[in-house]
Amino acid sequence: MKNKPERRGLIDGSRLIIESLARAGADVYVGYPITPSNWLYAYARQRFPLFLPAPDEITALQWAAGFSATGRFPVTATSFPGFALMLESVNMAYMMELPMVIILAQRMGPSTGSATTGAQGDVLLLRGAISGGYPLPVFCPSNLEDCWKLSAEAMRMALTVRTPVVLLTSKEMVMTHHSFDLSCLPAIRTLPRETFKGNGEYLPYAAAPAEAPPFLPVGNPHHQVRLNASTHDATGLIRKATPEALSNTRRLRDKIDHHIKEFTHLEYDPAPGASVLIVSYGISSEAAREAVQKLRTSGKAISLLIIKTLLPVPTAVFDILQKYPRVVIVEENLTGLLRELFFGQVSRPEIRGVNRIGALITPSEIVQEVESWQQ
Amino acid sequence: MATVESGILLERPMPYCPGCGHTVVNKQLDQVVRELGISPLDVIVVSDIGCCGLVDGVLGCHTVHGLHGRSTALAVGISLGLQNPSKKVIVVLGDGGATIGLQHILEAARQNVDMTVIVQDNMVYGMTGGQVSGLTPESLKQDRLPEEEQVPAFDLVQLAHTAGAVFSARVVVGAGVKEVLREAVETPGFSLVEIVEMCPSYGIRKVKELKEVMPYPEVVLRQTRPIRRVQFQQKASLLESITAIPVQFNHRLEQRLHVLIAGSAGEGIQSAGELLASAAMAAGLYSTKKGEYPITVGTGFSVAEVILSPTPIHYTGIETPDVAIVVSADGWNKIQSRLSASTRLIVDESLAVDKKQPMVRVDFRGAVGGRSAALAAIAFWLQQEEWFPLEALRLVSRNRKYAAALEAAIAKGQQLSPVG
Ligand code: SF4
Ligand SMILES: [Mg+2]
Numbered sequence: 001m002k003n004k005p006e007r008r009g010l011i012d013g014s015r016l017i018i019e020s021l022a023r024a025g026a027d028v029y030v031g032y033p034i035t036p037s038n039w040l041y042a043y044a045r046q047r048f049p050l051f052l053p054a055p056d057e058i059t060a061l062q063w064a065a066g067f068s069a070t071g072r073f074p075v076t077a078t079s080f081p082g083f084a085l086m087l088e089s090v091n092m093a094y095m096m097e098l099p100m101v102i103i104l105a106q107r108m109g110p111s112t113g114s115a116t117t118g119a120q121g122d123v124l125l126l127r128g129a130i131s132g133g134y135p136l137p138v139f140c141p142s143n144l145e146d147c148w149k150l151s152a153e154a155m156r157m158a159l160t161v162r163t164p165v166v167l168l169t170s171k172e173m174v175m176t177h178h179s180f181d182l183s184c185l186p187a188i189r190t191l192p193r194e195t196f197k198g199n200g201e202y203l204p205y206a207a208a209p210a211e212a213p214p215f216l217p218v219g220n221p222h223h224q225v226r227l228n229a230s231t232h233d234a235t236g237l238i239r240k241a242t243p244e245a246l247s248n249t250r251r252l253r254d255k256i257d258h259h260i261k262e263f264t265h266l267e268y269d270p271a272p273g274a275s276v277l278i279v280s281y282g283i284s285s286e287a288a289r290e291a292v293q294k295l296r297t298s299g300k301a302i303s304l305l306i307i308k309t310l311l312p313v314p315t316a317v318f319d320i321l322q323k324y325p326r327v328v329i330v331e332e333n334l335t336g337l338l339r340e341l342f343f344g345q346v347s348r349p350e351i352r353g354v355n356r357i358g359a360l361i362t363p364s365e366i367v368q369e370v371e372s373w374q375q
Numbered sequence: 001m002a003t004v005e006s007g008i009l010l011e012r013p014m015p016y017c018p019g020c021g022h023t024v025v026n027k028q029l030d031q032v033v034r035e036l037g038i039s040p041l042d043v044i045v046v047s048d049i050g051c052c053g054l055v056d057g058v059l060g061c062h063t064v065h066g067l068h069g070r071s072t073a074l075a076v077g078i079s080l081g082l083q084n085p086s087k088k089v090i091v092v093l094g095d096g097g098a099t100i101g102l103q104h105i106l107e108a109a110r111q112n113v114d115m116t117v118i119v120q121d122n123m124v125y126g127m128t129g130g131q132v133s134g135l136t137p138e139s140l141k142q143d144r145l146p147e148e149e150q151v152p153a154f155d156l157v158q159l160a161h162t163a164g165a166v167f168s169a170r171v172v173v174g175a176g177v178k179e180v181l182r183e184a185v186e187t188p189g190f191s192l193v194e195i196v197e198m199c200p201s202y203g204i205r206k207v208k209e210l211k212e213v214m215p216y217p218e219v220v221l222r223q224t225r226p227i228r229r230v231q232f233q234q235k236a237s238l239l240e241s242i243t244a245i246p247v248q249f250n251h252r253l254e255q256r257l258h259v260l261i262a263g264s265a266g267e268g269i270q271s272a273g274e275l276l277a278s279a280a281m282a283a284g285l286y287s288t289k290k291g292e293y294p295i296t297v298g299t300g301f302s303v304a305e306v307i308l309s310p311t312p313i314h315y316t317g318i319e320t321p322d323v324a325i326v327v328s329a330d331g332w333n334k335i336q337s338r339l340s341a342s343t344r345l346i347v348d349e350s351l352a353v354d355k356k357q358p359m360v361r362v363d364f365r366g367a368v369g370g371r372s373a374a375l376a377a378i379a380f381w382l383q384q385e386e387w388f389p390l391e392a393l394r395l396v397s398r399n400r401k402y403a404a405a406l407e408a409a410i411a412k413g414q415q416l417s418p419v420g
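For the protein sequence lines, the chains are A and B, in the order given.
Anchor point for the first sequence: position 154 equals 154 in the working numbering, and the numbering is continuous, going up by one each time.
Anchor point for the second sequence: position 292 equals 292 in the working numbering, and the numbering is continuous, going up by one each time.
Chain A with its partners taken away, still in its complex shape:
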């Protein structure tokens, strides 16, 4: 890669996310403007083969699902208020097994909160987004390189397991400019939308165990396609809790759990002899990286884990957590959402959080927390 001549420019995460998705083959953006996702909207308008402004976020997700049903790959971007409106439709697309990427640019809540203030407040919402607790895959870029790589990766996972995938980000990731060498960006290949090639019967939800069923677009002239948001069997027809329908519903979890390993992206930077692990994700990652650098410079052995495949939590994350007697989780929210997801609500002396709302967590706050603990 590095033999390409340097090409430095001042760029932001929104641009890389949209370009990455477009190169990977996403072809329709259905959007409704909401801060802080407006740059994504504006770039998509310039870049996507088709751009449609929807009159609200429920419509946006429904149109997107319709496009996906015809074999197009839709993308949308929003923040919590819009995502809340989309939620039922996200469940619909999940149940119908319609791939799409939803970019969720977090802002401070609750409710409309502060539109121009970043946050990391939505991870538990995403963990519980699908009724029944089924896993909704979530990728979370920690820097510009991740915006590039993970966006295409989110799309690849959406296609592989036929599901909506969330790219979870925040105001500071999509609206901050950085000097950046574009020649470092690896090539992104166009991802094909595989379709059913068999000659015999086609059942829209007949799938191998822990796999997505082969896809055919609605309206194709060869096989009847049925899509269904209600509990259904392999034919795609609504069924109450029949054994076959229940096994189809279970498969929705199994296919994601089965494939998450190939989509696991972590940045694990262990220090020999370290007993403290700093864990972060998304916009707090860079503060965590700087804090670890500082702590190491002052002679402390500290390990770092940046989680990029956030949900479902890859088993590799728990394997790493288990190695450390002390864990500090850094995230821009008041109550420690990822901490709660990993360790529950019972406070444990060996688990600490660095949390705040209203501004980026600073490297010094993290350093202080670790130093106060070590004394």
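Treat the hints as calculated values from the structure; they're not laboratory data.
Just so you know, even glycine gets a beta-carbon here, dropped at the ideal spot from N, CA and C.
Take every hint as true, because none was put in to throw you off.
Under the rule of at most 35 Å between Cα atoms (straight-line distance), these lysine-lysine pairs were calculated in the DSBU-like manner:
| hint | chain 1 | residue 1 | chain 2 | residue 2 |
| --- | --- | --- | --- | --- |
| 1 | B | Lys27 | A | Lys240 |
| 2 | A | Lys149 | A | Lys300 |
| 3 | A | Lys197 | B | Lys27 |
| 4 | B | Lys178 | B | Lys141 |
| 5 | A | Lys240 | B | Lys206 |
| 6 | B | Lys235 | A | Lys149 |
| 7 | A | Lys294 | A | Lys4 |
Negatives, chain A to chain B, calculated, CB over 10 Å:
| hint | residue |
| --- | --- |
| 8 | Leu125 |
| 9 | Arg156 |
| 10 | Pro214 |
| 11 | Leu252 |
| 12 | Ala301 |
| 13 | Lys323 |
| 14 | Gln374 |
Covered stretches of chain A, as calculated for chain B (at least 3 residues, CB under 8 Å):
| hint | segment |
| --- | --- |
| 15 | 38-50 |
| 16 | 220-231 |
| 17 | 356-368 |
Since the structure of chain A is already known, use the hints to place chain B with the ligands on it.
Okay, now just chain B with the ligands, sitting in the frame of chain A:
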């Protein structure tokens, strides 16, 4: 293999109560599709929630069964995604679905998306026990919701027409339905047919009674409008339009420099910050620029946080500013609390600031006006501290909109001297 002759209706028992209007209408839709010579696999029925949504199970065409009220919006995505006038996208929903999904119907009509919406209007929510919908007439509310007896039903057909449907009609279940459905399905663009039906379990039982209670008469409304079509077009990469900033100057920065530029929204604070960050790149530095502003774009404060560094930057926030450039009172109020004793302060001389704090005061606003004050102040500061040549700032300003004004602000800033 499904053929035109086989129609879209499978030979299966209808899933409705005996005497339900849905049974009659589904059979008529099947006849219309056959008569029009449409192959079942050219038909996509998008069904809503409610009894009418049970239609999937008796259809041999493509079927999509979605959420309550959202079927019209889902069908818009399907119709636009297919972009194929020979495919017939047909929505089947009830009066309840039309109520909760009214916005989707109006939007699809406004855009004139090629599709047909069949509203099976039995004037109540059947599946959940006969509650009133937005299409329930006053007379049916007497024993269900008398306190809303004065609230009329929506005239859905008129609404769809006003929103832009090329064909919208109301018809009572019976022999007349076929002809109306046929025209709706045949007409390119958005068509809506409201079929007033009986629901023997919770609504009106007899056709004769339907005609007595239905709040609006049978009607057909037509108009001609362009049909919404979309095109998928390949577009240029977003990376091509980025201005590459090659290194053309030297710098003498040995450690990271954190600069706050504070002023009022709408006065070019963010673009001045961006120019500084770009100029630093032209001098071989790493840089970041983060913006902070209230929700409204044109009033209140605007702060650009710029980091310049000889080494790569991870964290883009500023804990303690090394330099603060403040050109308006909005900006001063916002960043005042963030300053430390070591912050070098350059402020517009108009600001009523605590003069005990060491600072350089310059009449930026007086010299170049509010909109150029931030850039002039940056030029002034660079001239003073000489981290890299001012020429770098000029260079990156050159390809911009309003390049001449930027150039003038830089030139002026360079010449200004502190007051007092
Ligand atoms: S409840 Fe009413 S609408 Fe539903 S199937 Fe029975 S008669 Fe038809
Ligand atoms: Mg009804």
